[in-house]
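For reference, the chains in residue letters:
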Amino acid sequence: MYTNNIQFDAQGNLRHFLSIEGLRREKLVEILDLAESFANIGDQAVKKVPLLRGKTIVNLFFETSTRTRTTFELAAKRLSADVLNINIATSATSKGESLLDMLHNLEAMHCDMFVVRHFDSGAAHFIAQHVAPHISVINAGDGRHAHPTQGMLDAFTIRRHKGDFAKLRVAIVGDILHSRVARSEIHALTTLGTAEVRVIGPKTLIPKEIGTLGVHVYHDMAEGLQDADVVIMLRLQKERMTGALLPSEHEYFINYGLTEEKLACAKPDAIVMHPGPINRGVEIDSAVADGPQSVILEQVSNGIAVRMAVMSMVLGRQQSGELEG
Amino acid sequence: MMKIEIRNGRVIDPANNIDAITPLFISDGKVIALGQAPAGFMAEQIIDASNRLVLPGLVDLQARLREPGLEHKGTIASETHAAAAAGITTLCCPPDTDPVLDTESVAEQMRQRAHSAGYARVIPLGALTAGLKGEQLAEMQTLKDAGCVAMSNARQPIINTLVLRRAMEYAATLGLTVVLHPEDPFLASNGCIHEGAVSTRLGLPGIPECAEVIAIGRDLRLVEQTGVRAHFATLSSARAVEMVAKARARGVPVTADVSMQQLYLTEMDVNYFNSLCHVRPPFRTQRDRDGLRAALSDGVLGAICSDHQPHDLDAKLAPFAATEPGSSGLETLLPLALRLAEEKVLSLSQAIARVTCDPARIFGIDAGSLSIGTRADLCIVDPQARWTISDKTLRSRGKNSPFLGWELSGRVTHTLLEGRVVYQL
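First to last, the sequence lines map onto chains A and B. Our numbering numbers the first residue of the first sequence as 6 and each following residue consecutively. Our numbering numbers the first residue of the second sequence as -5 and each following residue consecutively.
Excised from the complex, chain B in its bound form (with noise of 0.2 Å):
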């Protein structure tokens, strides 16, 4: 295996409570040293990092990559080299791939198709229930075997609590976590935007806060009786936030993250019937976003992920309620997350935490830092380096962005996975 130095660069690592300019050093893939270089050591490859950040490889806790089932739009090739390029090292995928990943073939094709792709280390999460219907348990001992760091129904509802309650039941026997989307079926209907001023405006059927409030209250009170570790992914009201708040204040377990684009958007943005602001769940208002931002710098969203969603170009070409949910997201997660440094909502190594070593806590995944003898998962960042969004520029197959045209600071010249250059601008 290589051995590499990278030096000049500005290494932040939040986990150690490290921002300083040092040389950093890799051999056999893994991070052997930093500021001095261990005796005999003989770098294969240096690296100048100068006016760079030297960063841990970042870790989604959200992101589809289409595969299988989605092919057209998307391959786990194709978006772990876009991962690669965006820095992130660790994606964690949903089970709704078709076939569900209720199965630990699945699961198995999924690493096994990353790993020869060999962009970036793809994690699965299990489905919580068979076929993700919400009636009969998954084999989750089988999951968890198969990799699988956590169980979730993605986004299809759990109607029947009860199946919910032993799933949850069933999950914390086995020392799982359990990953929650709060919607009410029921309340979410038809929606496709959330009901507000521009719902009203567009006459577009609407999803309601409610919707979100409701569902994760009875989720909260589920986690506090059966003891479970919860999750909350991709949340989108304040007043959803702080209600975890409060169940985290009695010492219930649980967190929350929320995707990057939610930190900027609002229903504000889908103005004319922008499709690629049609999202699940929407974005809502301005009051919301700074509610999530509010709760981002205290800690209560302990992390923002991509929820990167890629679609094909007809996916999006049609009237509003017609076109498909979700936004390509993993190329604007690093410049954005450190942008909310710029805009003062986190310090800048918070920023990095919550894409690093902080989503890493949360599904105990060994990821997301540059402590000595961990994998060497890192990038290297031009923070100055603008950016135009564009589908020129994005490597995702999806170009379904909502930041199309956004002039972005920061771009990733390299990308180390395990100790190898698996991106280089």
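Isolated chain A, as found in the complex (with noise of 0.2 Å):
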């Protein structure tokens, strides 16, 4: 009842992307080809190709995201399917409608896919357990949980720079604690046979047990940035300066915020990225997020070929010979 498989079909397809932990590196591997044969779609003249025609998703945000609402529905659009917003910024509950009413009631309107954003870990594994069998479930963020599709967007960035994961070294500084993007992140890098993934971070944001999920901790940001390939800054709310977990966004920059003079300690041509939003001068400076090895804005764009990947993987799943074409 409560296993990672309800990602999958009785014919083992990929049914939800709830998250990255229990996929194999093949499964992994099929979606990164995939959005490689997408990617080149938005210079075309017609960015549109039919293959999700007639199927209607539903972006269902119960916390407000831009970046990842619009790069998800540029997705769906460009594979032809009708798209409905869905924001609840405060939450489910506040018109006294359970959760579970409001899926139903969307199901009756006969949608295809949710694409889900909750505030709560587990809320896509939730929501997934109890949709009616016809319908697929994205988890785009849930709590501290899992960001699949930025996990996966992330590696085919670091694939299309730096290619073999095997010879790679990836750092990812900042806030891990909080962060659903460095789990998914972890997770993808990890089965795809990363060299070594590093976390650097100041203790109070960094899990005593993250080295369970196969990563290594530095908490002097020279150290961890030696010999990196690719750099990975973390956002880090504004909100981690109440409760005792920082002094200031001051000292936090002195230990932690990417500069130049940092960025000296990875590899010449390390890569650097970025989830987004940036906070300018707290964890990146703008010469760093702005320079030449910044590849922030292009990762945006894979985005929506990653997405348009796991989409047509998830709901194509019946006419799986189409997505030759």
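Take the hints with a grain of salt, since some may be wrong.
[What the hints assert, rightly or not] So the derived label-pair ranges between C-beta atoms look like this:
| hint | chain 1 | residue 1 | chain 2 | residue 2 | range |
| --- | --- | --- | --- | --- | --- |
| 1 | A | T217 | B | S183 | 19 to 27 Å |
| 2 | A | S253 | B | M262 | 34 to 42 Å |
| 3 | B | E318 | A | L89 | 30 to 38 Å |
| 4 | A | D274 | B | M262 | 40 to 48 Å |
| 5 | B | K386 | A | S306 | 51 to 59 Å |
| 6 | A | R72 | B | S183 | 24 to 32 Å |
| 7 | A | H255 | B | N184 | 22 to 30 Å |
| 8 | B | E129 | A | T71 | 44 to 52 Å |
| 9 | A | T71 | B | E337 | 50 to 58 Å |
| 10 | B | S44 | A | T217 | 47 to 55 Å |
| 11 | B | V246 | A | A269 | 53 to 61 Å |
| 12 | A | E303 | B | E129 | 53 to 61 Å |
| 13 | A | A137 | B | Q135 | 54 to 62 Å |
Because the hints were derived from the structure by calculation, they are not lab data. All C-beta atoms in this analysis are idealised placements derived from N, C-alpha and C, irrespective of residue type, glycine included.
Make the complex out of the two chains shown on their own, each in a separate frame, by following the hints.
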């Protein structure tokens, strides 16, 4: 009842996309390859393929988001699906309606897919467990747990620049504790065979047991960035300044903000990534964010291709032959 | 009153070191003889207990029946009925009812409801502080007179150490036992699962082990200082239990219990957000589970409770952190106690003692034995009968057992309360 394989249907095809944990390397490579085939579609005169014509996709956002929601919407539209955006910035129960009642109402409108962002870890799993059999769920971020399409688009961006994961040293810097992005990146990178994944940050922002996910922990930024091929900066939420996690943004920037000077510890051709939105002068200096090693904006465009790949894979299960075209 | 003979059963009564196949005779609601029928005894009812165990009725130190206040989750009638079906004849109920059990009228109401339902004896635990707010002492003498055997602040923390010290001093004055649930509220914060590998993987806010260890450290010092008799309820960590063991060795008057669930489950059982494993204190590591089992066999953990917390279906139907903690525990208590003997954690007699005479002794309740002349609270169990835990087989209104789907051995066939058959399979 409560196992990860709710992500797969009876034939072993991906029915929901909830977390990267539990997916095999071949499946991740398949997603990356498919995303590659969609990557240049934005440059074409007609930016659409008819793969999901007649399908209805609902973006169900219980937490505000611009980038993720927009790229999911674009991805769905480029696949010719109909898209409905529902923003429930306040809690779903604000009108006394339970999450499940709301889902059943949407199901009754004959939708095919829910793209869900929710502030509770496990929300996407919960929804996937309770939706009607014809509906697929894609996790667009649940609490601190997972943001699997972000993890995949980061892997996609790294692969495009660096190729073979087995030769790479990747450093993830910042608030690992509260970051669903970090968790999904870690699963993606370790599953894809990355040589070393490091996490860097103060002890207040790194869970003690993070090593169980197969990463090395560094508290000193210069040491952690040594010989890194990829540097992923995480967004530092403003609310972390309360609750005694950090003394100030200023002090955080001194120790863990990415400057040109600190970046020099990494390999000269290291790329700099950030899931956005960035806090200039808090976790990253503008000179680096806009510098030659930054691939931050590329990540955004890659997000569309990866989301197209995941959506078409999940919804195109029955007519998988069409995907080849 | 009915005269009953229970024959051919294996009578296990740890309080009296009895383990023998022998007939048991009941009259006027009391056990009147074992072995030989008293002169002139004419049974009006004979129960054949061949191949079955005849045990004292179970004594449960922590069971929430949800009445008054949360009757949609359970009522005294519904939950005592489930208790009878599980062989439990005495239930101690924490004071976090609504209204809080800090007045004699609530205590009186609960006892009356239980009495008219007639399935099990309900013993209220009085509030330690008024409204469980941790500020003002509750009227402990009044509550004691109303039948409360011990005082507890349930799972509400007493943040103010001075208030806790005075509550202990006052309880000690009245010779009352204080029940403590050690958890530092600041370290526990908004956690909903053990802080460890699983919380890290699932991105759920954790409750660190030190939340229990630090709180129990504070509480033990105050117990030593005030001399109150204290009982730690539902411990979850090996280290907390070690601290209790050390304090006991120094002669500090403390006892402790553990919930049956903690003896079988760990953080790993949360798996992918299984809300049935959302409990407080949280299931911890394998090492903790092993430590709890060891403490059970050396007697530092003197009792196993059900920590019964029945819920309505909706309470567990939400993303993990948004679900309500607690599990339905009455009906798995006895089968899982028998399994502890099967797994050689305890001898059969010890395992039964931990859910009968040992808990009764902790709160000074006259129950949990089959001594001649005591109230005939007992259950008859078919230890071989296998059954599957499911929402169909559970009688409690709370179907929220973390053991759903488990196949367990041991089914109660009869339960007697004061010599009256209150349950028959």
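Taking the hints in turn, this is what the structure says about them:
no.: 1; hint: T217(A) to S183(B): 19 to 27 Å; verdict: holds, 22 Å
no.: 2; hint: S253(A) to M262(B): 34 to 42 Å; verdict: holds, 39 Å
no.: 3; hint: E318(B) to L89(A): 30 to 38 Å; verdict: holds, 32 Å
no.: 4; hint: D274(A) to M262(B): 40 to 48 Å; verdict: holds, 42 Å
no.: 5; hint: K386(B) to S306(A): 51 to 59 Å; verdict: holds, 54 Å
no.: 6; hint: R72(A) to S183(B): 24 to 32 Å; verdict: holds, 30 Å
no.: 7; hint: H255(A) to N184(B): 22 to 30 Å; verdict: holds, 28 Å
no.: 8; hint: E129(B) to T71(A): 44 to 52 Å; verdict: holds, 46 Å
no.: 9; hint: T71(A) to E337(B): 50 to 58 Å; verdict: holds, 55 Å
no.: 10; hint: S44(B) to T217(A): 47 to 55 Å; verdict: holds, 52 Å
no.: 11; hint: V246(B) to A269(A): 53 to 61 Å; verdict: holds, 60 Å
no.: 12; hint: E303(A) to E129(B): 53 to 61 Å; verdict: holds, 58 Å
no.: 13; hint: A137(A) to Q135(B): 54 to 62 Å; verdict: holds, 59 Å
Comparing the model with each earlier hint shows no violations; every hint is respected.
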